[in-house]
Amino acid sequence: MSDFGGMEELLQDFLMESTDLLSDVDNKLVELEKRPEDKALLNDIFRGFHTIKGGAGFLNVGPMVNLCHRTENLFDKLRNGELHITPEVMDVILDATGIVRDMFGTLGQGLMVADADADVLNALDAVLAGEMPGKAAAPAPAPAPAAVAAAPAVQAVASPAPAPAPAAATDGPDWNALHQAIVPQAATAQPAPAAAPAPAPAASAAPAAAVAAVVSTPVQELLPAAEHIPAAKPASKAVANKQPSSAGNSSGPQENTIRIDTVRLDMVLNLSGEIGLTKNRLTTLRTEILQGNRDGNTLRSLDEAISQLDLLVGDLQNAVMKTRMQPIGRLFQKYPRLARDLARQLGKEVELVLSGEETELDKTMIEDLNDPLVHLVRNAVDHGVESPEERIAAGKKPQSLIQLTAEQVGDHIQIEITDDGKGMNPDALRRKAIEKGLIDQETANGLDEKQCLQLIFMPGFSTKDQISSVSGRGVGMDVVRTNIQKLNGRIDINSLPGEGTRISISLPLTLAILPVLVVRACNQPFAVPLAMVREIITIDPNAIQEVSGKPTIVVRDEILPLRTLAGLLGWEPTQKPYFGVLMQSAEKSFILAIDSFVGRDDVVIKPLQNIRPKGVAGATLSGDGSVVLVLDMEDLLSSSDGTNGQVRTSELISV
Amino acid sequence: MPDKNMRFLVVDDFSTMRRIVRNLLKELGFTNVDEAEDGQVALHKLKTQHFDFIVSDWNMPNMTGIELLKAVRADQQIKHLPFMMITAEAKRENIIEAAMAGASGYIVKPFTAATLEEKMNKIFQTMNK
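Line by line, the protein sequences give chains X and S.
For what it's worth, UniProt numbering labels the leading residue of the first sequence as 1, then goes sequentially.
For what it's worth, UniProt numbering labels the leading residue of the second sequence as 1, then goes sequentially.
If you are wondering where the hints come from, they were derived from the structure by calculation, not from laboratory data.
All values reported here derive from a predicted model rather than from experimental measurement.
Please note: incorrect hints may appear among the correct ones.
Simulated restraints on C-beta separations [unchecked claim]: (1) X/V320 with S/F124: 37 to 43 Å; (2) S/F124 with X/A114: 48 to 54 Å; (3) S/Q125 with X/L438: 57 to 63 Å; (4) X/P87 with S/F124: 52 to 58 Å; (5) X/R101 with S/H44: 50 to 56 Å; (6) S/Q125 with X/D117: 43 to 49 Å; (7) S/H44 with X/D117: 43 to 49 Å; (8) S/N5 with X/P87: 30 to 36 Å; (9) X/V604 with S/F124: 43 to 49 Å; (10) X/R35 with S/T115: 38 to 44 Å; (11) X/N270 with S/Q125: 40 to 46 Å; (12) S/H44 with X/D303: 40 to 46 Å; (13) S/N5 with X/M112: 35 to 41 Å; (14) S/K79 with X/R35: 30 to 36 Å.
Derived pair list, reagent style BS3-like, types lysine-lysine, alpha-carbon separation capped at 27 Å [to be verified]: (15) X/K486 with X/K614; (16) X/K363 with S/K45; (17) X/K550 with X/K614; (18) S/K4 with X/K363; (19) X/K550 with X/K450; (20) X/K450 with X/K432.
From the structure, some residues in chain X lie toward chain S, with a derived Cβ separation under 10 Å [what the hints assert, rightly or not]: (21) M7; (22) E9; (23) L10; (24) E17; (25) N60; (26) H69; (27) L447; (28) E449; (29) K450.
Note that CB positions come from ideal geometry on N, CA and C, so glycine has one too.
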């Protein structure tokens, strides 16, 4: 017999959808171990548990609600930076995830699940409470297991404060009273709930009336008034720290469906039809040639057919690519409101001007661009532009202008966010970075102005001492850069103190095809992303200088470290490198020493199944059919930041 | 009594949840229900089709419930529509934000058909005043 009479179908739907969601969470947890401070990841995982909890609540699966609620709270604290991932915390999370998966299994058999292992619940509580005692952070002391199973799910969501509220209210303020406060506002300005039917405790009814009274005034004025509400229940405050930001909310699971203009689809069909015809022609020619008919006419026909195929395949690739292209306006259109709302909260006057909305970009890239762009827009409003008073004092118009533009430049898309605010002060950034212990004094002195601006991309860098309620949540600039780099893009900053800041993002048109430079080292070809290549130089052994024991070369007054590809890979060099590729990865530039070149190519990356060698993004086939490894330079550099790539200078200089 | 034929739009990114809400509405006798998977899709439907009542989740990708609510209230054609916000978070800022944006009602997950009916009736009462 099933414990879910009448709800089996719903249960199956829930299990199917949630199992996918949990797998996604599992994958993200693995990534999280590598990047424990990645806010976007933390947000995704938070949302995963949140959604599962919501569904489980409706199915009255109290134990699952209970478990997911705690895990969700934990991730809320992690993404707010109140707690940090340690191996122990990770163990607890993985345990919890495992139990949720087991629960899915039990539910799949139509049986109600038992409570999660008390050890795991206690461990979660300990993590939640342990590091921040005295803040009432932990959920209510775990109710007795039997009580949880029996109690309605509402109770299982467990409020810290035992609110003597009507049925619908869970934790925090009295919802019915607040609800009453809302409703009259929607209809008339009739002042709140004198006749509130709910038996609301007087203490919370009064502030609720206050809410109704000020409900049309700006947020700044409203919030102090609203402070009274939870005053009676301080415990709700700890939970209230989480405020869903639109940045976080948008990073949900990606859609797997796409809407395509039928004209574009027809083009694909036409081209594949023509390719079919050309294939027939080639088959006929093959038969003729195999039969010994090799006169000039036949060979000419063969040549024609192959040339035609070449054109058609190129056109087909373009046409298929076009089906994935979407106008970036879909993304842009959300930002003006975002900017306006934020500006209003901050008491600033901001106009966000969009241009180039029709610029098309690969669909997956559009989805992945949202979080970084939301962050940049927020940043521009919050940190970039000044208040009207400051602007007037500086002799500017009170209203500030933020421009968001997209444009196709050659085979790249250029996205720029420009503000006319106060700009960034390189010296202030430098000081801040030293204060935060991100760089030492010596490094700081060596940074030029451009490099100082790059400091904002360092993890842990924030120029505001206090994290305001507006920005400072969601992703940081380091995550913005990581996300852009994941798309094989580049991000640059230009800033003039007093005049404003311009942040430029350059992205390839698509992720499907990657332009690469094919180089040789150790008698093997390797492909490096062309986006990172600045220039190619020959290595003159006499030009190699040793700086603090590391080989470097000076190129146009810039001292660049020299790393050999063989060294980075941990291979024995087979010869002295002749050429250097000047690579630019974010703020780091270096020279990659290689043996020789093959040339540039556009490749389609095939991911390697089951194995993931360090520094290898995937493999591709070259024109002659041989396998070429495509290198992931970031990974290669980070995995060998030790001494691997640092060859002794003597190895590079001919004796 | 509300018209049982009134047309609902249920907005949630989690399809199971849409189905739950749809079932609860059915229990209350409302069978004319359409769904949307996020605020953007919902807004498009609202602008091109006729609806009488919106029930939306808060936490969604692309366009959240609160963004949808603000967009609805800013549109002359549909600004009068009753808008019920669903969320798992019973939090002060949330309800204030929803109130400010003009939500007609607010309901916290999980809820029963009875709770939903009670909240909806309150909305209908206010509308008829």
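How the hints compare with the structure:
no.	hint	result
1	X/V320 with S/F124: 37 to 43 Å	violated, 52 Å
2	S/F124 with X/A114: 48 to 54 Å	violated, 42 Å
3	S/Q125 with X/L438: 57 to 63 Å	holds, 59 Å
4	X/P87 with S/F124: 52 to 58 Å	holds, 55 Å
5	X/R101 with S/H44: 50 to 56 Å	violated, 36 Å
6	S/Q125 with X/D117: 43 to 49 Å	holds, 47 Å
7	S/H44 with X/D117: 43 to 49 Å	holds, 46 Å
8	S/N5 with X/P87: 30 to 36 Å	violated, 58 Å
9	X/V604 with S/F124: 43 to 49 Å	violated, 58 Å
10	X/R35 with S/T115: 38 to 44 Å	holds, 41 Å
11	X/N270 with S/Q125: 40 to 46 Å	violated, 60 Å
12	S/H44 with X/D303: 40 to 46 Å	violated, 52 Å
13	S/N5 with X/M112: 35 to 41 Å	holds, 37 Å
14	S/K79 with X/R35: 30 to 36 Å	violated, 43 Å
15	X/K486 with X/K614	holds, 16 Å
16	X/K363 with S/K45	holds, 22 Å
17	X/K550 with X/K614	holds, 23 Å
18	S/K4 with X/K363	violated, 41 Å
19	X/K550 with X/K450	holds, 24 Å
20	X/K450 with X/K432	holds, 16 Å
21	M7	holds, 9 Å
22	E9	holds, 9 Å
23	L10	holds, 6 Å
24	E17	holds, 5 Å
25	N60	holds, 8 Å
26	H69	holds, 9 Å
27	L447	violated, 39 Å
28	E449	violated, 39 Å
29	K450	violated, 36 Å
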